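Throw the hints in and build the complete structure from the sequences for me.
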Amino acid sequence: MKPSIPKGTRDFTPEQVAKRNYIFETIREVFIKYGYQPIETSAMENLATLTGKYGTEGDKLLFKVLNNGDFLAKADKEALAALDSAKAVKSLAKRGLRYDLTVPFARFVVMHRNDITFPFKRYQIQPVWRADRPQKGRYQEFYQCDVDVVGSNSLMYEAELVLIYDEVFTRLNIPVTIKYNNRKILEGIAEVAGISEQFVEMTTSIDKLDKIGMEGVRTDMENRGISTDAIDKIAGILSIGSIDEMRPLLSSSDAGRKGIEELEEMSQYLGTATAHNTVQFDCTLARGLSYYTGCIFEVTADNVKMGSIGGGGRYDDLTGTFGMKDVSGVGVSFGAERIYDVMQELDLFPKSDKSALKVLLIAYDKDSHHYAFSVTIKLREAGINADLYPTPTKIQKQMKYANARKVPFTIHIGGNEMERGKLTLKDMNTGVQSSLSLEEIINQLGDH
RNA sequence: GUGGGUAUAGCUCAGUUGGUUAGAGCGCUGGAUUGUGGUUCCAGAGGUCGCCGGUUCAACUCCGGUUACUCACCCCA
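At position 384 of the first sequence the residue is numbered 384 (the working numbering), and the sequence of numbers has no breaks.
If you're looking for bench data, these hints aren't it; they were derived computationally from the structure.
Computed from a prediction, not measured in an experiment: that's the story for all the values here.
Among the hints, erroneous ones may be present.
Claimed, not checked - What follows is a set of in silico ranges between Cβ atoms, one per label pair, in the way DEER data are often shown: (1) D316 with T9: 32 to 38 Å; (2) Q37 with K136: 31 to 37 Å; (3) E57 with P350: 35 to 41 Å; (4) F12 with M44: 19 to 25 Å; (5) T278 with S4: 40 to 46 Å; (6) M111 with N385: 38 to 44 Å; (7) A275 with F373: 51 to 57 Å.
What the hints assert, rightly or not - Under the rule of at most 30 Å between Cα atoms (straight-line distance), these lysine-lysine pairs were calculated in the DSSO-like manner: (8) K77 with K60; (9) K354 with K400; (10) K366 with K426; (11) K258 with K233; (12) K90 with K64; (13) K7 with K366; (14) K325 with K90; (15) K406 with K19; (16) K7 with K90; (17) K208 with K233; (18) K366 with K406; (19) K19 with K305; (20) K53 with K325.
C-beta atoms are modelled at their ideal positions from N, C-alpha and C, and glycine is treated no differently.
Okay, here's the thing in structure tokens:
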């Protein structure tokens, strides 16, 4: 059969894995430095845990895991006869693949509440699955790097998460803009415009601003049934750039005032820190229809045309659906796949790879091949990534292999080397060869 | 869910208004080369032209269907 992989999935070559690990490790190091602890959850969740958490659209994108055994015997015969897939699936699949890391985390918190000390700071770097139509920068299996803290209302954490964004992208050498807003400010805008009941329509529309422009948003809001009066008011407020100018316009709204208060407190915490990237207030930032209730964040790469490479915010009642009330959380996510694409485009990956092979040994005959193997063992004991070509075949062929492996050094061992007890070390970049003892070679390669 | 595009060698792709034995580059294998690679030269292996049907004397080529992949929209990371 012709080999293939499911749509929206990918294989990764050794080179790609090295680059991806570089991103994951950088993110992980920063998370740990800020006091976050790792958790992991199973790829599969009970379907009931997942359904209803992502809206009707999200439910359609859940991967279901078919029940084992004679699953048809226990299936909902009526639903099957009626060809009602949505109804029948409940009796066919009791498990599904996780859609994001936030809902499994909420479940985790509730289930382990007795073992957790709050505020609980956790990070999680794992793949998630969505049965979406794949396209550029969008896959059915992709990694999320989430960092959240639950069990505290302190706006210190909002500031901390901004600093985490700043540090990660500084370390990765990606210039970014970190935008923030507050859901309560958007609520305030809706209230002032007199369309509180159309809040969801308004935010969905505003979220598209950078894509379709203000005129596009106006017509989109019209199509969603928002009055032109309200649209004028909303457009007027959105054109404002600073929190100070916004304050008087939202003074009549409780939510609006609270939102501004929260942003100011976050700014105070941030005030003492120096960010390397642009951190700016953007009242047009809306972030879809998710569960966010307070501050929201979004990160975009400067100089590259790409969707957001990170986002997150405050959610007041994430664990509520699992029966644990009044637990506030705030968190952000890093889009590892898109970060990879950005770094690839800007050529930001480090050239040297510590995990790559350092030296390949080449033997000229059977005797020296055995000798070379013992040298290989000694090099490995000295902590040097070393490999020996499996047979003492034609040198040309062995050198070709060395090139393919992109190894920076080769060690040649034949009768001459064995007699003199000195090995021939070749620098593959310069072509320079030198006759050295094993100790000298270990010293030289160990330094690099 | 809606709408485009593509499908030919392991990979990237050519293939003339339909015409007889379907090509190139890269890669692979062997050789030129008895202790030295990235360059060069020679030779070789490798294809039911995605699948099914239709039109035609004749289909990789035209038409219909189908499947897969892909891009964009919706939504999202």
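Check your understanding: Within a Cα-Cα threshold of 30 Å, do K7 and K90 meet the stated pairing?
Key -> Status holds; Cα separation ~25 Å.
Practice item. Would you mind confirming whether the straight-line C-alpha gap from K208 to K233 stays at or under 30 Å? Key: Answer holds: K208 to K233 is near 18 Å, not above 30 Å.
Check your understanding: Taking 30 Å as the top limit, are the C-alpha atoms of K366 and K426 close enough?
Key -> With a Cα-Cα distance of about 21 Å, the restraint between K366 and K426 holds, given a limit of 30 Å.
Practice item. State, for the Cβ atoms of T278 and S4, whether the hinted interval 40 to 46 Å holds or is violated. Key: At roughly 43 Å between Cβ atoms, S4 and T278 fall inside 40 to 46 Å, so the hint holds.
Point to revise | Verdict for Q37, K136 (Cβ pair) under range 31 to 37 Å | key: holds, 35 Å
Practice item. Starting from the range 51 to 57 Å, see whether the pair A275 and F373 falls in it by beta-carbon distance. Key: At 53 Å between Cβs, range holds.
Review point. Between K354 and K400, is the straight-line Cα distance small enough, at 30 Å or below?
Key: holds, 22 Å
Exercise for review: Decide if the proposed pair is consistent with the structure: K7 and K366, CA atoms, cutoff 30 Å inclusive.
Suggested key: Given that 30 Å is the threshold and the Cα spacing comes to 48 Å, the pair is violated.
Review point. Does the alpha-carbon distance linking K366 and K406 stay inside the 30 Å limit?
Key: Since the Cα atoms of K366 and K406 sit roughly 25 Å apart, the hinted pair holds (cutoff 30 Å).
Review point. If you draw a straight line from the CA of K325 to the CA of K90, is it 30 Å or shorter?
Key: holds, 27 Å
Review point. Does K53 pair with K325 here, judged by a C-alpha cut-off of 30 Å?
Key: With a Cα-Cα distance of about 16 Å, the restraint between K53 and K325 holds, given a limit of 30 Å.
Check your understanding: Does K305 lie within 30 Å of K19 when you go C-alpha to C-alpha?
Key -> Holds, because 21 Å separates the two Cα atoms, which is no more than 30 Å.
When the structure is compared with the earlier hints, a violation turns up for hint 13 alone.
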